[in-house]
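Quick mapping for you: the protein sequence lines, in order, are chains F and B.
The numbering used here puts the last residue of the first sequence at 522; the count rises by one with no breaks.
The numbering used here puts the last residue of the second sequence at 481; the count rises by one with no breaks.
Just so you know, these hints were derived from the structure itself, not from any lab.
Some hints here could point you the wrong way.
[As the list claims (entries may be wrong)] Below, in silico cross-link-like pairs of lysine to any residue (SDA-like), each with a Cα-Cα straight-line distance of 25 Å or less: (1) F:Lys-329 <-> B:Lys-64; (2) B:Lys-425 <-> F:Lys-171; (3) F:Lys-312 <-> F:His-173; (4) B:Lys-47 <-> F:His-173; (5) B:Lys-64 <-> F:Gly-14; (6) B:Lys-331 <-> B:Ala-347; (7) F:Lys-171 <-> B:Ser-193; (8) B:Lys-42 <-> F:Pro-401; (9) F:Lys-517 <-> B:Glu-342; (10) B:Lys-65 <-> F:Arg-137; (11) B:Lys-425 <-> B:His-437.
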Amino acid sequence: MMPDSSEGEPTYRGAAWNEPIIYQLSKRGRRGSAIATPDAEIEKAVGDVLSKIPAQVRRKSAPPLPELSEPEVVKHFLRLSQQTYGVDSGISVGVGTCTMKYNPKVNDALARSPKLTGIHPLQDEETVQGILEIMYRLGEWLCEISGMDEVSMHPRAGAHAVLTNARIIRKYHESNGELDQRNEIITTVLSHPCNGAAPAVAGFKVITLYPNETGTPSLEALKAAVSKHTAGLMITDPYDTGVFDRNIAEYIKIIHEAGGLTAIDQANANSILGRLRIGDVGADLCHFNLHKSFSTPHGSSGPGSAPICVKKELSKFLPVPIVAYDGAKYYLDYDRPHSIGKTASFYGVIPNLVRAYAWIMSMGAEGLRETSEVAVINNNYLLQRMLKIRGTTLPWGESYPRRMQEARYSLQKMKEETGIGIDALNRRIVDLGVQRCFTAHEPPLVPEPLTPEPVESNSKEDIDQFVDAIQRISDEAYANPKFVDEAPHNASISRIDASPATDPQKWAMTWRAYIRKHGYPQ
Amino acid sequence: MRQTTEESLQVSIHNSCTLVKLTPVHQYIPNSDPEIKKEMLKVIGVKSSDELFSVIPENILFNKKLNLPHSTSEQQVRRHIEGLLAKNKDRTEILSFLGSGCWPHYVPAACDEINSRSEFLTAYTGDVYSDLGRFQAVFEFQSMIGDLVGMDVVTCPTYDWASAVGDALRMASIITGRHEVLVPRNISPDKLSIVSNYCGNIAQIKLVEYDPRSGQVEIEDLKRKVSKETATVYVENPNYLGVIETRTQEIGEITHDKGALLSVGVEPLSLGILAPPSEYGADIVCGEGQPLGLYPSFGGASLGFLACRDDERFLSATGHRLISITTTKRKGEWGFTFVLPERSMYAARDKSACITGTGTLLWAITGAVYLSLLGPTGIRELAETIMKNAYYAMKRLSEIPGLKVPVFPSPHFEEFTVDFDGTGKSVRDLNRALLKHGIQGGRDVSSEFPELGNTAVYCVTEMHSKEDIDKLASNLTELVK
Chain F
1 MMPDSSEGEP
11 TYRGAAWNEP
21 IIYQLSKRGR
31 RGSAIATPDA
41 EIEKAVGDVL
51 SKIPAQVRRK
61 SAPPLPELSE
71 PEVVKHFLRL
81 SQQTYGVDSG
91 ISVGVGTCTM
101 KYNPKVNDAL
111 ARSPKLTGIH
121 PLQDEETVQG
131 ILEIMYRLGE
141 WLCEISGMDE
151 VSMHPRAGAH
161 AVLTNARIIR
171 KYHESNGELD
181 QRNEIITTVL
191 SHPCNGAAPA
201 VAGFKVITLY
211 PNETGTPSLE
221 ALKAAVSKHT
231 AGLMITDPYD
241 TGVFDRNIAE
251 YIKIIHEAGG
261 LTAIDQANAN
271 SILGRLRIGD
281 VGADLCHFNL
291 HKSFSTPHGS
301 SGPGSAPICV
311 KKELSKFLPV
321 PIVAYDGAKY
331 YLDYDRPHSI
341 GKTASFYGVI
351 PNLVRAYAWI
361 MSMGAEGLRE
371 TSEVAVINNN
381 YLLQRMLKIR
391 GTTLPWGESY
401 PRRMQEARYS
411 LQKMKEETGI
421 GIDALNRRIV
431 DLGVQRCFTA
441 HEPPLVPEPL
451 TPEPVESNSK
461 EDIDQFVDAI
471 QRISDEAYAN
481 PKFVDEAPHN
491 ASISRIDASP
501 ATDPQKWAMT
511 WRAYIRKHGY
521 PQ
Chain B
1 MRQTTEESLQ
11 VSIHNSCTLV
21 KLTPVHQYIP
31 NSDPEIKKEM
41 LKVIGVKSSD
51 ELFSVIPENI
61 LFNKKLNLPH
71 STSEQQVRRH
81 IEGLLAKNKD
91 RTEILSFLGS
101 GCWPHYVPAA
111 CDEINSRSEF
121 LTAYTGDVYS
131 DLGRFQAVFE
141 FQSMIGDLVG
151 MDVVTCPTYD
161 WASAVGDALR
171 MASIITGRHE
181 VLVPRNISPD
191 KLSIVSNYCG
201 NIAQIKLVEY
211 DPRSGQVEIE
221 DLKRKVSKET
231 ATVYVENPNY
241 LGVIETRTQE
251 IGEITHDKGA
261 LLSVGVEPLS
271 LGILAPPSEY
281 GADIVCGEGQ
291 PLGLYPSFGG
301 ASLGFLACRD
311 DERFLSATGH
321 RLISITTTKR
331 KGEWGFTFVL
341 PERSMYAARD
351 KSACITGTGT
361 LLWAITGAVY
371 LSLLGPTGIR
381 ELAETIMKNA
391 YYAMKRLSEI
401 PGLKVPVFPS
411 PHFEEFTVDF
421 DGTGKSVRDL
431 NRALLKHGIQ
441 GGRDVSSEFP
451 ELGNTAVYCV
461 TEMHSKEDID
471 KLASNLTELV
481 K
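Next comes chain F alone, as it looks inside the complex:
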């Protein structure tokens, strides 16, 4: 796509099919699939099986699903896909914290192999040696990359990994007879929200540290939070602000001296691949998001995949089963009496494990360092260009002028001077054929936050096009803020009525609820 220049009308138009809800396309009597019928002899042998279901649990009327033919169904969902902006659609530089890198097609092709999709998780182990070998080797590679000793690939996404780690921390203290005493997890507000949410769900009291004026918490703040109640530290490093917390080794030491464990969230590993191994720094547990640093597709928000890696002292607590090798064959090891048990069904998001295996193999050791190098170059190049844009500032820029994989900017100045902040900018940028930007998790700390992450798979031209779009919106904001505020103008739809977000009379999470509350649309 040729970039829209910062002058003249943008040429981009979002696909706007004005596609009805599928129920509006329904015509009584149509069908979208021919169902396999039982063999005539089966029909004869079993007779009226439905009569075996007592009337009180038998369905009385058919579910009101839509009725469409296959071509109509395909057309409908194809149009919906066209109204969705994926990584392959264009510029996703703005979507920080998500590591929107290219998802290689060969990895998808391998994940769709019938030799993978057609195997059942409970099949005899001798019939699934191939996938077990892939999982085992991937585990070894992830341990090598993290500097850890053992791995579990069960967690489905980052938050699930952090919950699993919190469970392991509990089990560790329980096995030492200290769980009653050690009931607190320390985190930082700059860490991913799951570093607070997951330990709370696991039953811990959560202490949250805030950054000082330099952009990171002080060592004194951590020391003050540590006590005999400390079970562990669960934080992210590098942070979503793109700041690498230089005190990480000190944090780990302080927590260890207090008898706690440290779980360092490595979801943002893209800038440290092959350059920093959190296990070497002393961390006891960590996790990677394969759907971020390791190139597996984000799937419109899952399935992801987030293996955890731990030091050998903790390996006995890992969820069952783990993939093991006895020198002759691979097997699922359930004989682990200290395990926290199971945290999800079966063994993980298998198609994504195959994709990540393929990616690591394509990249090799050199390629991982190339990835982190270019991710950091791209980001600091973007940073230089962003700071030239009127209304944009870099909080904590004095203490941290350079950033790792991403950077958090503030549009507060633009907001004060023009009334245009991140919300309007995110609506307007879609008009320019560029994906919206990530803002910040709550609490934002930075007013009017904007957090792009120009991962290694973006070209310099992609990054330039992104900055040109921000520059253009800044120019528009200072010249014609009303126009920006009324955006989007060229997207799939115009401004939504957001009132159902908080109004129980209006919200409708299903079509049936919509009809009940609002009547059938005319």
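Once you've looked at the hints, dock chain B against the given chain F.
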């Protein structure tokens, strides 16, 4: 990528007149070209990228080379992985009768077509203006699950059925302010372990016995255990042993009499012929979406859905994302918005009711395609085919001397128990023997439920032909002689 292995380096050196160190330009990394890097570093104002990494204290930098394979070409990667996958025996090579949480069903080609669309596959967190289609497809999935289970609220789905149960029970505890949950003892032990990892610290899990005569929840034991402390009673329909719970109405009344909530777990295709749980008073419904257009994939493609009453107390007690339909400034145009976003983990952090962030939306989109293709008639026909095939299998196996099939004289859907005690052989040995004939027998539950003796849970769906079932029956007949 130009290969930098020793061999290719040697070849390159050999072919060129001057000795130059090869620098890799990687096919996935446009700016790996040294010239571009140099240009960008100049804009940044540093001489080398090492200066950028100086933000990491030197003593913790990793300066060695990772012990990983060398960069490998696409062709070699493909060949290597296909070679490994070839060691698996897939469903065309083994006749399998496994279900137990991952069921074999036909996947219409249109499901693959839509979930392979790069836009859906590679999108993530755009808003309604950039990702309208993603929002609409997920709303349509929510709507169709709502139709199946008879509930007005369906959330954005989580990882799998068991996670959804965990979230449902946490939710019930928060809504009622009570800290006991009742779960049937014949739930899958794996699922029980997962649920306990989700809600063990907020609610005590108590097991309700099952009736050994029916395989269903024992009503008397339920009455003994349900109390004013009970947040919710959870039942599954069909249950782990394949039995359809027929006294759900009664269970609902007993539960509600104590002011507790009824939570129901379902396999969605069974709802083509079974009553929606709302009819027997369910307050929360959850289940597994894998049967809706997803392959078994070694258990790696699952989706947990959760539905509940359209009641603010319920919505406030879950951190699951909720997509609502809305209108826009333009007449006749649909939009979508997140409901009560402050409940989500992203906003509430340690005050959130659950942890689901990245969920399973690609599978939800697939499920929407699948259910649209089935429609109201298709899902009924499919459920009937499954049930007939399963009943035929039960009939055939029950004719084999020494086998008791099913163990419980209750109605079944697609799974049923086979008791081999009368043959003097263990499920383990029989399954090994079957495998030699290209058959994978049912799930061995002998150690999970020792009181059932040598029992396996068999699964039969629309994927099994009469010949498949007859083949199983004739092999088993020979093996138990």
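In rising order, the numbers of the hints this structure does not comply with: Of the numbered hints given earlier, those the structure breaks are 1, 2, 4, 5 and 6, listed in rising order.
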